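Undergrad: Position chain B against the provided structure of chain A, taking the given hints into account.
Number of protein chains: 2
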Amino acid sequence: LSPRTGRRPGNSDTRALILDAAASAFAELGYHAATIREVARRASVDPALVHHYFGNKEALFTTAMEIPVDPGLVVEQLVGEGTVDTLGERALRKILGVWEDESARAPMLAMIRGAVTSEQGARIMREFISEAIFGRVIGAIEAPDPELRAALIGSQLIGLAFMRFVVAVEPIASADHDALVEAVGPTLQRYLTGEVDSITVQHARMTT
Amino acid sequence: LSPRTGRRPGNSDTRALILDAAASAFAELGYHAATIREVARRASVDPALVHHYFGNKEALFTTAMEIPVDPGLVVEQLVGEGTVDTLGERALRKILGVWEDESARAPMLAMIRGAVTSEQGARIMREFISEAIFGRVIGAIEAPDPELRAALIGSQLIGLAFMRFVVAVEPIASADHDALVEAVGPTLQRYLTGEVDSITVQHARMTT
Chain A
1 LSPRTGRRPG
11 NSDTRALILD
21 AAASAFAELG
31 YHAATIREVA
41 RRASVDPALV
51 HHYFGNKEAL
61 FTTAMEIPVD
71 PGLVVEQLVG
81 EGTVDTLGER
91 ALRKILGVWE
101 DESARAPMLA
111 MIRGAVTSEQ
121 GARIMREFIS
131 EAIFGRVIGA
141 IEAPDPELRA
151 ALIGSQLIGL
161 AFMRFVVAVE
171 PIASADHDAL
181 VEAVGPTLQR
191 YLTGEVDSIT
201 VQHARMTT
Chain B
1 LSPRTGRRPG
11 NSDTRALILD
21 AAASAFAELG
31 YHAATIREVA
41 RRASVDPALV
51 HHYFGNKEAL
61 FTTAMEIPVD
71 PGLVVEQLVG
81 EGTVDTLGER
91 ALRKILGVWE
101 DESARAPMLA
111 MIRGAVTSEQ
121 GARIMREFIS
131 EAIFGRVIGA
141 IEAPDPELRA
151 ALIGSQLIGL
161 AFMRFVVAVE
171 PIASADHDAL
181 VEAVGPTLQR
191 YLTGEVDSIT
201 VQHARMTT
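These protein sequence lines map, in sequence, to chains A and B.
Residue numbering for the first sequence follows my numbering, beginning at 1 and increasing consecutively.
Residue numbering for the second sequence follows my numbering, beginning at 1 and increasing consecutively.
Chain A on its own, in the form it takes in the complex (with noise of 0.2 angstroms):
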């Protein structure tokens, strides 16, 4: 048996005093400015040890924030493991199971609720969102206006889960999952694949 007390083992240490220092740079900075090699000076270690515990920013940055799977890495198992016409459903699919865990969704709505509660939330959420997570769906979307593509994509997931979880009206709420994949699933895949008008959004972009 080992002791409840004492120190934990140094890599350990480490590792926690990793965490804290990207915690805070995240909370201070937001994502963007919060480089690896920040992170390091505040922990006073070597960014190189930063790689070595957590790899690149966007995984540090889901494990500081609790985030139980890295979206990156399922965007590229869900392209992996099917063809473009099925990716709306699998990847809706796949996300309502990834909620069906309470501890898992929390940090999702703790990001939705700091970023309603300040504007330096908004910013760590547009920055996580627009660097980690659309890089690569944008790299799985072959269609035109991949960026317009990938934020409508988030706006319904958000707004369902903010339906589903947060203000939990009814039927969306207790609906299951082959219920919400049959209703929501055709507008994912219609924003990943169908029409959604480039030209008129790209006038929308050169006249702002």
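Hints were generated in silico from the structure; no laboratory data involved.
Please note: incorrect hints may appear among the correct ones.
[What the hints assert, rightly or not] Stretches of chain A that chain B covers, calculated by requiring three or more beta carbons in the stretch to come under 8 angstroms of a beta carbon on chain B: (1) 100-113; (2) 146-152; (3) 166-178; (4) 185-193.
Keep in mind that this is a model prediction, so the values were computed, not measured.
Ideal placement from N, C-alpha and C gives every residue a C-beta, glycine not left out.
TA: Chain B alone, transformed into the frame defined by chain A:
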């Protein structure tokens, strides 16, 4: 020239008194339990006077929450102005127009903020959506499963508002109305009149 200080006319005092009572009643009791009678009791006026100043509870709520448009009335107008085939697009265009004014979208964002930061805020939003908004939308939808359709429309609209104004993710944040109507209008139209698989959802309702 009228004096800048001094007593306001009596009816204006009464109206303000009722609004204060309504705001506290909605905050403490939620939308459902805060009846016109309860608001009248708190304001020490006759319930008929509350009806006289504000009409029904929905209108009292939208005024107390400083919501600039009565969502139920907007739904009625939209249904009356054209065919159901174009309702998704027309509704989205109307909503985007309302949101354009920062003071008009502030109450909606305040309601979203209240819902994510407290269970009471979530309850007020849930009851208001279910009783006031959905009641009108559901009355306008002749397809099966009107509750599911109304909740799906709500999910896409809240998610769109969240991405456009709270997180401000591009290109949704700066897209013009035409671009958003082209991209999201068909989603709302499908939720209004398309196939959303009623059988599976009815099954889900029975088993939960």
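Undergrad: It remains to establish, for every hint, whether it holds in the given structure.
TA: Hint by hint, here is what the structure shows:
no. : hint    : in the structure
1   : 100-113 : holds (count 3)
2   : 146-152 : holds (count 4)
3   : 166-178 : holds (count 11)
4   : 185-193 : holds (count 4)
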